[in-house]
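Please put together the full structure from these sequences, using the hints given.
As given, the protein sequences belong to chains A and B, one line each in that order. Here our numbering is used: the first residue of the first sequence is 198, the next is one more, and so on. Here our numbering is used: the first residue of the second sequence is 198, the next is one more, and so on.
Honestly, I wouldn't trust all of these hints.
For chains that are exact copies, the list does not tell them apart, and a pair is met inside one copy or across any two.
[What the hints assert, rightly or not] Derived SDA-like pairs: lysine to any residue, alpha-carbon spacing no greater than 20 Å straight-line:
id, residue 1, residue 2
1, 479, 556
2, 645, 280
3, 273, 260
4, 363, 262
Calculated directly from the structure, the hints in this document are not laboratory data.
There are 2 protein chains.
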Amino acid sequence: MADQTALQAVLDRIDADFDASLERLFALLRIKSISADPAYAGECRTAAEHLARDLAGVGFDTQIRPTEGHPVVLGKTTGQGPRVLFYGHYDVQPVDPLDLWQRPPFDPALVTLPDGRDAIVARGAADDKGQAMTFIEACRAWKAATGSLPLQVTILIEGEEEVGSKHLGSFLAANRNDLAADVALVCDTNMWDAGTPAITTSLRGLVYEEVRVTASDRDLHSGLYGGAAQNPIRVLTRILGAIHDAQGRVTIPGFYDGVQELPDEVRRQWAALRFTPETFLKPVGLSQPAGEADRMLIEQVSSRPTCDINGIVGGYTGEGSKTVIPSQASAKISFRLVGAQDPEAIREAFRAFVRARLPADCTAEFLSHTNAPAIALDWTMPQLRTTQAALTAEWGREAVLIGSGASIPIVADFRRTLGLDTLLVGFGLDDDRVHSPNEKYDVTSFRKGTRSWARILAALAS
Amino acid sequence: MADQTALQAVLDRIDADFDASLERLFALLRIKSISADPAYAGECRTAAEHLARDLAGVGFDTQIRPTEGHPVVLGKTTGQGPRVLFYGHYDVQPVDPLDLWQRPPFDPALVTLPDGRDAIVARGAADDKGQAMTFIEACRAWKAATGSLPLQVTILIEGEEEVGSKHLGSFLAANRNDLAADVALVCDTNMWDAGTPAITTSLRGLVYEEVRVTASDRDLHSGLYGGAAQNPIRVLTRILGAIHDAQGRVTIPGFYDGVQELPDEVRRQWAALRFTPETFLKPVGLSQPAGEADRMLIEQVSSRPTCDINGIVGGYTGEGSKTVIPSQASAKISFRLVGAQDPEAIREAFRAFVRARLPADCTAEFLSHTNAPAIALDWTMPQLRTTQAALTAEWGREAVLIGSGASIPIVADFRRTLGLDTLLVGFGLDDDRVHSPNEKYDVTSFRKGTRSWARILAALAS
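Right, here's the structure in full:
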């Protein structure tokens with residue numbers, strides 16, 4: 198349907214309209230849509246309304262659908278050809294520690310990096326506003342240059358990805374008909390490097406737990422009670438400090454159940470990749486892989502499960518000193534899962550691990566934030582090769598198929614609830630500082646990402 | 198000098214003037230003199246000026262002396278007889294967590310406790326504004342009833358006790374002549390129980406350290422870096438979780454050097470005291486002593502050294518979840534010392550313990566908040582028996598000599614710098630919630646505490 202002439206007109210349009218594309222992204226980045234903090238619920242709503250207006254302007258039939266949390270934006274076109282379901286999220290991570298940002302996080306700007314690359318700097322620049330806008334801008338260019346899209350598109354932009362997409366599973370189940378498609382597309386992953394495009398064919402799962410340990414029923418003076426009163430920070434550090442052994446393995450019983458060894462062929466391929474501490478860790482100030490001692494670095498971050506403590510707090514944390522034995526201490530702990538690891542089983546094993554180590558007078562309360570299995574794509578699906586060819590044409594370098602250490606829980610739901618496989622195509626880079634101060638998105642990622650989607654839409658249409 | 202008639206007139210005056218005494222204490226409690234937080238430096242200054250005015254009104258020759266931190270209030274009377282140096286502090290602990298207070302912490306009020314006792318509720322009600330005011334009110338009553346004090350009094354009220362009295366050591370050294378006395382008096386300790394007065398003859402020392410562990414040079418995404426990047430919370434919990442062994446003993450090499458075993462006689466006496474988990478721990482929601490498994494509860498809180506983690510923070514601690522590997526994590530750790538334990542040696546042993554457990558790519562920074570040895574009084578000093586008799590007369594029950602688990606670092610400085618022994622007489626109770634939300638001081642403690650000092654001044658004068 199979409200011939201080469203039409204595609205070239207679309208690509209030209211993208212280049213000609215690029216300054217306006219940037220300004221539209223900046224407008225979205227100015228909205229403080231932090232989903233984790235209830236204080237920003239109004240800003241999340243504003244982001245949804247902003248996107249709905251923008252999609253309607255492109256020609257989508259658009260709706261803002263409520264959930265029990267932040268709303269979902271839905272846009273549909275009709276017409277001929279296969280139907281794709283594109284997924285992105287308008288919510289962003291919190292911005293603390295704010296004092297480490299070189300500019301206000303919601304005042305986007307173009308900056309030139311030390312190596313000469315131009316980048317868009319703001320919270321959400323990469324994750325996921327910039328990435329989602331590459332797809333929307335590609336659709337806009339198709340409409341502007343040819344009057345229509347080359348296939349049928351449904352766009353779903355949610356507002357709770359950064360808090361575990363907790364209401365999206367039920368939303369999918371309740372809206373199966375509206376979301377019917379032939380394949381799902383997600384733009385929330387990285388390239389292999391700044392010159393090499395990639396399709397992510399596997400993702401780690403995620404179990405995210407919060408635990409609060411309580412001992413006495415009030416804060417105590419450590420001089421009067423110290424030595425006799427149980428200290429919940431001592432209890433919590435003792436338990437969390439026992440999760441890893443000296444070799445970096447997770448000690449929770451059953452944790453590695455369902456983890457598969459790499460096929461020999463993949464292991465050989467990965468060993469040949471130049472994925473080294475020098476290239477991966479040195480840019481963030483580290484030198485030694487800290488994972489399982491007997492695993493390659495690339496295994497540690499993609500094919501092996503992990504446990505990280507993402508936050509901990511208890512007692513007096515202000516300036517100076519306070520001789521307190523606090524009543525409570527709490528921590529946030531997450532597990533990245535691979536293969537057939539069962540999220541439910543791991544959550545329960547973690548809770549049992551904690552409970553078994555609680556001394557007298559201590560109780561533990563748990564809160565579940567996320568519970569998603571790992572996913573892996575069928576490498577024989579036809580759209581995978583088509584998409585790979587489109588990416589290769591845009592970037593002039595063979596697009597690679599990679600596994601990612603990150604988790605996008607919704608991909609498992611697309612399979613389970615909608616029966617859809619998902620093509621994960623993204624233009625992020627390892628130095629984008631996603632979830633960190635000074636998050637950025639390369640201008641090249643944004644421009645060539647938009648052009649890539651224009652090509653992929655054409656490829657999937659034919 | 199002070200005959201029984203004069204003393205009775207003073208005691209009557211205290212009772213007659215008690216409502217005004219309470220109002221004067223409330224006025225002091227309304228000043229937010231939190232020494233740990235630089236934002237309250239002005240309030241500390243205000244508290245010093247308030248006390249100086251009040252002491253001048255009683256007839257003291259009064260000065261506010263600057264230090265490198267918060268100022269010291271000094272008041273002196275002249276006349277006949279021995280000279281006592283009274284010490285108290287006008288600074289208070291921070292008030293967090295504020296949401297656990299049933300009333301604003303700096304809006305003092307009288308409340309009736311469930312068992313019928315009346316209490317003054319406010320931050321500092323017991324520690325140490327209420328306690329310090331018992332002495333000042335006793336002096337005021339002596340002046341009002343008899344026109345003079347029965348002996349010579351120097352009052353020193355400092356503003357940095359809650360942050361380790363860090364500038365008071367040098368202040369004592371620089372003002373030896375002004376502070377010359379025969380004995381020091383401190384009102385910052387507890388009674389044995391609500392009916393039994395006590396003199397504290399030993400105090401634990403205190404080493405208070407802060408440690409910050411740094412790994413990567415920025416916060417990282419736990420999906421992309423999890424498994425490969427060192428996590429400082431994991432490192433810190435592993436180190437802190439190793440400080441105690443399964444028997445509750447501190448594992449830092451050399452920690453118990455200088456700790457003496459109890460004399461058999463004292464051990465027998467202590468074993469006979471009814472100091473049980475039921476009486477001491479149950480009121481705060483605990484049931485099992487958490488210290489060294491082979492020690493009596495009373496040893497754990499008074500004659501044995503301890504380690505407590507007073508605060509810990511790292512990563513994301515807000516609502517919801519954030520998949521971050523933080524760059525840093527930090528903790529505040531304190532050690533209570535006994536006998537001849539060397540604070541300097543213990544501080545260095547702790548730092549070496551941490552450094553020896555740091556993996557590659559991690560650094561630790563340390564901050565010292567307090568460094569004070571334990572102290573013990575000579576049981577043969579004559580003022581001890583005189584004071585004991587005065588307390589026994591006021592309360593109608595034999596005053597007991599006890600050891601305290603708390604630390605008042607200045608007492609060691611009085612001995613070292615001024616050559617003074619210190620009588621620690623206080624009217625606090627175990628349920629005063631010092632350093633906690635809803636701190637209180639029994640009205641009976643305040644009234645009979647004031648009367649007790651009136652008697653002690655008479656006893657020490659003769």
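Fill in: Alpha-carbon proximity between residue 363 and residue 262, which holds within one copy, between copies, both or neither at 20 Å
within (15 Å within a copy, 60 Å between copies)
Worksheet item: Given identical chains, is residue 645 near residue 280, meaning Cα to Cα at most 20 Å, within a copy, between copies, both, or neither?
Response: Neither. Shortest intra-copy (23 Å) and inter-copy (85 Å) distances fail the 20 Å Cα cut-off.
Practice prompt. Since the copies are identical, ignore which copy is meant and state whether residue 273 and residue 260 lie within 20 Å (CA to CA) inside a copy, between copies, both or neither.
Written response: within (9 Å within a copy, 79 Å between copies)
Worksheet entry | Within, between, both or neither: residue 479, residue 556 at alpha-carbon 20 Å | Between copies, since 16 Å is at most 20 Å while 41 Å is not.
The structure shown violates just one earlier hint, number 2.
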